[in-house]
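Q: Using the sequences provided together with the hints, build the complete structure.
Keeping their order, the protein sequence lines are chains A and B.
Under this note's numbering, think of the first position of the first sequence as 1, with each following residue one higher.
Under this note's numbering, think of the first position of the second sequence as 1068, with each following residue one higher.
All clues stand as given, with none of them false.
Within a straight-line C-alpha distance of at most 20 Å, the following computed SDA-like cross-link-like pairs (lysine to any residue) qualify:
| no. | chain 1 | residue 1 | chain 2 | residue 2 |
| --- | --- | --- | --- | --- |
| 1 | A | Lys-561 | B | Ala-1203 |
| 2 | A | Lys-548 | B | Tyr-1204 |
| 3 | A | Lys-564 | B | Pro-1165 |
| 4 | A | Lys-985 | B | Glu-1145 |
| 5 | A | Lys-963 | B | His-1167 |
| 6 | A | Lys-548 | B | Asp-1185 |
| 7 | B | Lys-1190 | A | Gln-550 |
| 8 | A | Lys-561 | B | Tyr-1204 |
| 9 | B | Lys-1183 | A | Val-549 |
| 10 | A | Lys-4 | A | Leu-453 |
| 11 | A | Lys-985 | B | Asp-1143 |
| 12 | B | Lys-1190 | A | Asn-546 |
| 13 | A | Lys-561 | B | His-1167 |
| 14 | B | Lys-1144 | A | Glu-981 |
| 15 | B | Lys-1144 | A | Arg-1051 |
| 16 | A | Lys-70 | A | Thr-354 |
| 17 | A | Lys-566 | B | His-1167 |
| 18 | A | Lys-1052 | B | Lys-1144 |
From the derived model, a few chain B residues whose C-beta atoms are all more than 10 Å from chain A:
| no. | residue |
| --- | --- |
| 19 | Ser-1069 |
| 20 | Thr-1079 |
| 21 | Ile-1081 |
| 22 | Phe-1102 |
| 23 | Lys-1252 |
| 24 | His-1267 |
| 25 | Lys-1273 |
| 26 | Gln-1274 |
| 27 | Gln-1280 |
Everything labelled a hint here was simulated from the structure, so no lab data went into it.
Glycine included, each C-beta is placed from N, C-alpha and C at the ideal position.
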Amino acid sequence: MLRKIALSGMKGRKKDTFILSFVVGLSFVFTILATIFHASSEGTKLEQRTAMFGSWDAAYLNTNKEIVEKIREKDEVEKLGVSRILGNSPYLGVIGTINDDLMDLGNFTMYEGRMPEKDNEIALELNRLSYFSSDIKVGDTIPVEIVIPIYEREWYEAAREQVIRVIPEIEERFGFKNILYQMNNFGIWAREYYEKDRMGELTAYDRYPTDWFSYIYYGFANSYRRNVNSLEQFGDTKLVIKTSYVQMFIPDSYGGYRFSPYTIPDVEGTELPEDPPEELTDGSIDPKELSMISQKGHITRNMVVTGIIQNYSNLWDVGDEPLPNAFVTEEAGKSFIENGFLLTEEIDVSDFKTYDNVFIDSSISSQDFYNKYGEEFENLRRNTYAYPETSGSTESTLTYGILAAIFIATVFAVFQIYLTQTRRRTRRIALLKSIGAVNSQIRSVLLWEVVYLLLFTLPISLVIGFGLSKAVILFVNKYGNTVLNLHIDYMLTLFGIGLGILSVFLGMLAPMVMSMKVPLTGTISTPPRKKPIIKGKLKTKPVNLNMKVQSFRRISLRNLKYNKGKTLLTASLYTIATAVLLGSIFLSFIFFGDYIDNVIVKDKPSYGFELNHALTNRSIPKLLEALYENEGVTRVELYKAGEHAYLWHENINDNEIYASFREILPSKLIEEHFGIDDTKYVNLDDDNSHLVGDAIVTNIYTIDVEDPLYRRFEDSLSLGEMDKEKFKTGEEVILLLPLYEKGEGEGSIDEISEDILVNTNQKNRMEVLLRNSNKYKLTYDFRYGDLYSKDETLSVGDTIYLTIPTEDMAGELPTNDVRFIETKLAGIIYYFPEKGIWPFGDTVENPVVIGSYNFLGKAYPATIFGKGYLTIEDLDYLIASLYPHKYGKTYAYIYVDKDANEIDVDVSIKRVAREYEVKLTNYIEENKKIFGKSLNMTAIVTLLGISVAIITLIILYNTTLSKLEQERERIGILQALGVTEGQFKGLYLLSGIGYGLLALIISHLLLGLAVLITFISGRPQPLYLYPWKLHVLASIVVFIVITMTYFMPLRKIIRNQPIDNIRNLGR
Amino acid sequence: MSLLRLENVSKTYITGDLRVDALKSVNLEIEEGYFYAIIGKSGSGKSTLLHILGALDRPTEGKLFLEGESVFEKTDKEITILRRRRIGFVFQSYNLLPEHTVLENILMPAHLDGKKPDENRLKEIISALDIEDKLAYYPDELSGGQRQRVAIARALITNPAIILADEPTGNLDEKTGQEVIDLIKESAQKFNQTIILVTHDMDIAKQADRIIQIVDGRIGN
Ligand SMILES: Nc1ncnc2c1ncn2[C@@H]1O[C@H](COP(=O)(O)OP(=O)(O)O)[C@@H](O)[C@H]1O
Ligand SMILES: [Mg+2]
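A: Written out as structure tokens, the structure reads:
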């Protein structure tokens, strides 16, 4: 019976029931959407993480059979992936076995083909392909060579052992390292070598050590040794034991390199006599007494490539431990070791052991498993990459924030809608009461209404919510360049729905209590009023009949005051909507801030190449061609650089940034950044010592004037102009001088922690240290263009003095000469308009010289010739020991089309990188991570904004309508009393404007509070970068919408005849 | 020339499928300075007629002339001002503003016109209506009869040319009812006001100069 009454009541108030269902349904839909989106985002991340980092919970690396078995016995262990490390292969990298469980837990993605199944099969990691000169395809048979180190030591230890054995007295007298060191650095016991032309001019000069000692002196472990090999065959497995010894012989021609004193530490000992000891002059060694440097077993077998695995070994959470780059079956492992290597008769291998890596899948969480067994198994490590601790992530906080916002909005909405119904309801309730219904029965009528409401809305909302979730995910995938899979966290969604149901009940509570107080005579024309304002006061005083004229405005104001509750409710709803919308913009800004700052504004490339020398002008086009060969590559920006040049100009001592930097720079680092006064450079005299002594150390980046990059710099100039000809010849250069803002910092060296210092290098150090000590902020970001100051110690047309250590050799000894270069400053870039030029926007160097290739040739002549006959390894060695800057550097930044086939591009760029032996940096993953994160966050925030805004709008619509409906009578009376349409319009417009302004002001106060919190919590946001235009636009739109929603419905009412309005609720 | 004239006025209410012809082609002339009483059964169209005479409602058909000018051809603003200055209306259901005191309610029509009414006139009205000691009260604190008297005071305060009252004495006891009628009549005489009063009370109707009877939306005899 009661149920029927409830149902028919709801049917009777069709419009109200509809609005109520709509709001409740909407809040369910958004709750479902928010929770599913969150679960999908988290779930997809977990999927991606486990796909990338393996789904194993814990691992124990480099262990033995015993421990493996112990682990296997644990109850929680569900799967145990075991991989036996067989050894290293020159091309294939680390080779290991794989079992079924590991295949499961590894989540290996096959680029092509499949994992090995038979004992002659092998699968390789994708990155190994670039090690082969020819293409390797699935199905090819390749020789698989595994190298097992049996014995190994530093070559010079072997050499020393040999010296001690043969001439112990000399070793004892001078010390082995000392001998090497002194010969190396001072040319002691060296032999001189001249070459003169016919005119008697010296054309070649060199010194090298005499006699047999030179074998050691020049002896490079790998180059000067003797190898002894043996060959054995076991089935289709070949085994070669290679043993290398220190061997002494005089090379035919001079081609060796010096031993770097860096690699021989702890040099101590007396000075050597001028002449080598007698014993050395005719020494020779019995080959039988050679001492062993290393011994290795090389096992080779032909195997069939069954598949190519996506790179994983550099991704997993295993620290520095190597993981297999190629997998074979456990069978194949046996045929390499037990049926191969261990059968050798050449040497004694009874002690030889292989190591196993085990990967555990546990029935409990990664964290729990680790906590439980971390002590028992000392080297157990957990998979923190796949299973990071996410509980406190911003996204979960946000999702709960959304649920809370929806919750509050729904409570409000239901409350409000019920409140507006009260009037119409009172009559009905009074009727029910008059026919004898008691309060509890009325309560259950109302409760039944809620139940019906939920029964009606929930199923529909569920369908729409799930459908919409699917649609949103499709949309995000389509436009966000991300892959989001639908996941449902039933607990979370259920929680959200529970919250929704609760909010409906809560919202109904107050109106329910109210309607229960309805008196029996339900005919009252107004709902029960509160006590009138200032009641007693007026009555006790004699009434002044000659009262002031009450204007319409004042009459209306009285009405607002009288309806304080409703006024407040309306105002707070407007404020909530506004605050949520503006808050969404603010949050999106914070979340996209990272991506904007790091990728867009700095123009971050996809890949970076770094080469330890400047390429010749002839080889640059070849490199570019090789890169552009892949169509995915859209742009390559290449610099030839010369580093560590002393830069001086007339006003350099006025530069306070440099002075501040010098103050906070630890003394051991000063030489990396400033010229110092001790005149170690021989051609510096009193007249020009300031060119180094007062100089700042800078790097020179040079570009091809015909390359589009030239135009980019030209277009970026803040001051001056580039004359292409003069720039090309090197007569002119341009400078990058970052914008700066002086901070309050008083910091000194002690305050800069080691952690910060460790992560700096010559290029970023000035910016990082000045920022961390709060002394200066430096940037090339255009958004600071009007906010920060510009370095004015230099102006266009100034002469710039660059002084560069020559790094030449005078015979065996490096000279301490410098080369002087003078050039004119053609232009200055304080900031890059719109987009930065990588890497300068990122690593803020100050100053940066930008010149032409010719200019670099003048400053660093060796850069003209490239690496010449030297190998990259040779160069590395020379750079580390003798000529740190002589050969310059090449940097290339590669931009890849977003839509290009990633794997294709990756393989092709890696191949070029290998060919040129460059240091390759991959920025893509980093960029993607930042973008994906920003996008997900923004999607969630937008969801929040939209859901709350829509709910609030509906509430507002309903509020204004019902408010006006209630006011209709009043409006009618006032109409009858002679208030004109214009007066009404003016009033409502003004009130709307008032609400709008109020909402804006309070929202901004709230936002200000949020900003303040970010400051207090130590994560201040760069507010000048905030999209103010968008914010202002949104504010204006919100303002107009508020004013309009308040004002528009009035028009309909004032068009009515007064009597229609008055009669509206009267009957 | 008559003060008010209705020409072929019809009023039809349509609610859903229901169609009610509240007034059917009514012709009526109201002369200045007279006291009219409208009588008729409940639902016969008395209130509707009064509302149209007071320009509170538009007829479905026909015209209303005030001093020869067609009222509903004026702009809404002009009609509103006309209502404000020339017509005093006493509603059947009082229609006081609850957030204002009795005094404020009474003064409101004058104040809305930006005028201060004559203090003596005010005193006269409130003493006649016997609401002097209720001026500081709010309408909710008054009885039905008291509220009715406040509504009448509000209608009289601007000395309008026409006073329209819809059953003003319905909620009053006989004595007060008569006092109210006397006051209205006195005011009418003093200010040469025209009174149109809807009533059930034949005693009151008899005091009128003319009686208009409505039967089923038509003027009877
Ligand atoms: N706003 C309205 N909507 C529908 N019908 C109405 C409305 N106002 C009055 N009526 C109808 O018009 C007829 C005349 O009503 P009314 O003029 O109020 O009568 P009276 O005042 O004589 O009792 C009645 O049948 C009434 O039901
Ligand atoms: Mg009536």
